[in-house]
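Undergrad: Here is what each chain is made of, one letter per residue.
Protein chains: 2
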Amino acid sequence: MIEMWELQGEGDRRYSNFSWRTRMALRHKGLAVQLRPVRLTDKAAIAFSGGTTVPVIRDGDMVVRDSWAIAEYLEQRYPDRPSLFGGPSGQALARFVNDWVDRTVLASAFPAFSWHALALQDDEDRAYFSGLIERLTGQAPDALSGQQPRYLERLARAVDPARATLKRQAFLGGAAPSYADYALFSVYQWGRILGAPDVLAGAAPLKDWFERLLDLHDGHARATPAAW
Amino acid sequence: MIEMWELQGEGDRRYSNFSWRTRMALRHKGLAVQLRPVRLTDKAAIAFSGGTTVPVIRDGDMVVRDSWAIAEYLEQRYPDRPSLFGGPSGQALARFVNDWVDRTVLASAFPAFSWHALALQDDEDRAYFSGLIERLTGQAPDALSGQQPRYLERLARAVDPARATLKRQAFLGGAAPSYADYALFSVYQWGRILGAPDVLAGAAPLKDWFERLLDLHDGHARATPAAW
Numbered sequence: 336m337i338e339m340w341e342l343q344g345e346g347d348r349r350y351s352n353f354s355w356r357t358r359m360a361l362r363h364k365g366l367a368v369q370l371r372p373v374r375l376t377d378k379a380a381i382a383f384s385g386g387t388t389v390p391v392i393r394d395g396d397m398v399v400r401d402s403w404a405i406a407e408y409l410e411q412r413y414p415d416r417p418s419l420f421g422g423p424s425g426q427a428l429a430r431f432v433n434d435w436v437d438r439t440v441l442a443s444a445f446p447a448f449s450w451h452a453l454a455l456q457d458d459e460d461r462a463y464f465s466g467l468i469e470r471l472t473g474q475a476p477d478a479l480s481g482q483q484p485r486y487l488e489r490l491a492r493a494v495d496p497a498r499a500t501l502k503r504q505a506f507l508g509g510a511a512p513s514y515a516d517y518a519l520f521s522v523y524q525w526g527r528i529l530g531a532p533d534v535l536a537g538a539a540p541l542k543d544w545f546e547r548l549l550d551l552h553d554g555h556a557r558a559t560p561a562a563w
Numbered sequence: 336m337i338e339m340w341e342l343q344g345e346g347d348r349r350y351s352n353f354s355w356r357t358r359m360a361l362r363h364k365g366l367a368v369q370l371r372p373v374r375l376t377d378k379a380a381i382a383f384s385g386g387t388t389v390p391v392i393r394d395g396d397m398v399v400r401d402s403w404a405i406a407e408y409l410e411q412r413y414p415d416r417p418s419l420f421g422g423p424s425g426q427a428l429a430r431f432v433n434d435w436v437d438r439t440v441l442a443s444a445f446p447a448f449s450w451h452a453l454a455l456q457d458d459e460d461r462a463y464f465s466g467l468i469e470r471l472t473g474q475a476p477d478a479l480s481g482q483q484p485r486y487l488e489r490l491a492r493a494v495d496p497a498r499a500t501l502k503r504q505a506f507l508g509g510a511a512p513s514y515a516d517y518a519l520f521s522v523y524q525w526g527r528i529l530g531a532p533d534v535l536a537g538a539a540p541l542k543d544w545f546e547r548l549l550d551l552h553d554g555h556a557r558a559t560p561a562a563w
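These protein sequence lines are chains A and B, in that order. With the numbering used here as the guide, the letters of the first sequence map in order to residues 336 to 563. With the numbering used here as the guide, the letters of the second sequence map in order to residues 336 to 563.
Honestly, the hints are just simulated from the structure, not real lab data. Careful: at least some of the hints might be erroneous.
Since the list gives no way to pick out one identical chain from another, each pair is judged satisfied if it fits inside one copy or across any two copies.
[Stated by the list, open to error] Here are the simulated DSBU-like pairs of lysine-lysine, each with C-alpha atoms no more than 35 Å apart in a straight line:
no., residue 1, residue 2
1, Lys364, Lys378
2, Lys378, Lys502
3, Lys502, Lys542
4, Lys364, Lys542
When you get a sec, could you build the whole thing from the sequences and use the hints?
TA: Right under this line is the structure:
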């Protein structure tokens with residue numbers, strides 16, 4: 336069975352947005368998985384991967400880290416199971432959407448949501464994560480919380496293209512979800528688990544799309560402990 | 336032969352960015368086309384389309400307007416010619432990229448580039464276009480020109496995800512161009528034709544990608560009168 340390492344916070348919150356991309360990809364492929372929760376500062380637990388971040392998977396002798404690399408690995412290794420990409424062009428454009436999520440969407444969502452994760456950390460992890468937030472945003476978590484309305488507004492503007500697309504199709508991938516959907520989904524699922532404001536309440540068609548994602552694969556994403 | 340209506344400015348500049356998407360789509364499909372240039376204010380010339388904007392194509396009895404609708408029409412009508420999308424998932428994600436170009440990239444590129452188009456208009460078109468710019472941006476063209484550095488900086492930030500993707504693949508569509516490439520290409524081709532600053536000079540990998548697009552289909556896009 337495939338093993339997958341992901342972050343674990345207080346109350347068993349599995350909050351890593353990158354890990355959610357991998358969780359959904361594994362479910363999409365119908366692959367059974369043994370989850371291996373790790374604390375943020377427990378880098379020893381994932382040292383075997385050669386990196387310091389989750390997600391990491393082990394599939395037999397294969398160890399793969401980085402959510403995008405894992406998606407490509409799964410597609411290549413399990414070609415007969417439901418495709419994550421729907422062909423080479425779908426895969427190439429899903430990579431673009433993944434990059435768009437990382438560079439445009441998270442540029443607003445990280446400062447807007449990340450400091451909520453502090454409440455899910457024990458003392459050691461909290462100090463570490465606080466330093467990470469400051470390094471990535473140039474601001475202390477307290478300062479960020481005061482600016483949340485501004486970042487939420489930016490986030491809403493950043494996802495405007497997805498809103499336009501989802502008015503005309505059920506998923507970014509069309510009639511069926513693609514890995515591109517999981518990439519964007521992971522950001523909102525992260526906020527939902529962290530207890531950030533429910534930015535999708537009343538925000539159709541994004542809200543309807545998010546609900547469809549929560550329902551997928553027997554409601555896997557809906558079942559995790561979360562605030563909304 | 337398919338007829339295509341597109342904007343024409345002074346010096347025969349064919350500057351409409353939406354029309355460039357259609358031009359490239361027609362070439363991609365290997366379809367011969369008879370171009371029908373129209374002035375910006377000559378709405379009578381395209382009244383038969385039921386709309387007031389180009390591009391418009393006529394293919395036998397079929398009239399189609401709106402660049403995205405034209406791309407979908409061509410793909411469906413000419414399935415045996417090279418695909419613009421590479422399958423349903425590629426088509427769905429290309430729609431997202433098209434929406435991203437319209438809503439995120441043009442939000443910076445329009446205020447940065449559009450006022451350069453005034454120099455390509457005769458008096459009547461210039462007054463009309465000036466009003467259009469003011470209506471769409473809330474600012475007069477003179478005010479916009481003073482803020483160009485700010486909008487160019489925003490544009491560079493907006494296309495950051497494409498820059499990341501194109502470090503790892505030749506086209507947004509992967510090894511071969513997709514309609515998604517033509518959508519983003521159209522923005523830079525528009526700036527190139529209008530005589531806006533060459534924002535891609537030295538901006539690898541976007542510059543290399545743009546050069547590949549200019550070379551496609553026997554250098555069709557490179558051959559048009561342009562400033563860079």
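Undergrad: Are the hints correct? Go through all of them and say.
TA: Verification of the hints:
Proximity of lysine 364 and lysine 378 under a CA criterion of 35 Å is satisfied intra-copy only: 28 Å inside one chain copy versus 52 Å between copies. Proximity of lysine 378 and lysine 502 under a CA criterion of 35 Å is satisfied inter-copy only: 29 Å between copies versus 42 Å inside one chain copy. Within a single copy, lysine 502 and lysine 542 get their C-alpha atoms as close as 11 Å, and across copies as close as 33 Å, so both meet the 35 Å cut-off. Taking the closest pair of Cα atoms, lysine 364 and lysine 542 come within 35 Å of each other only inside a single copy of the chain (25 Å); across copies the shortest separation is 37 Å, beyond that limit.
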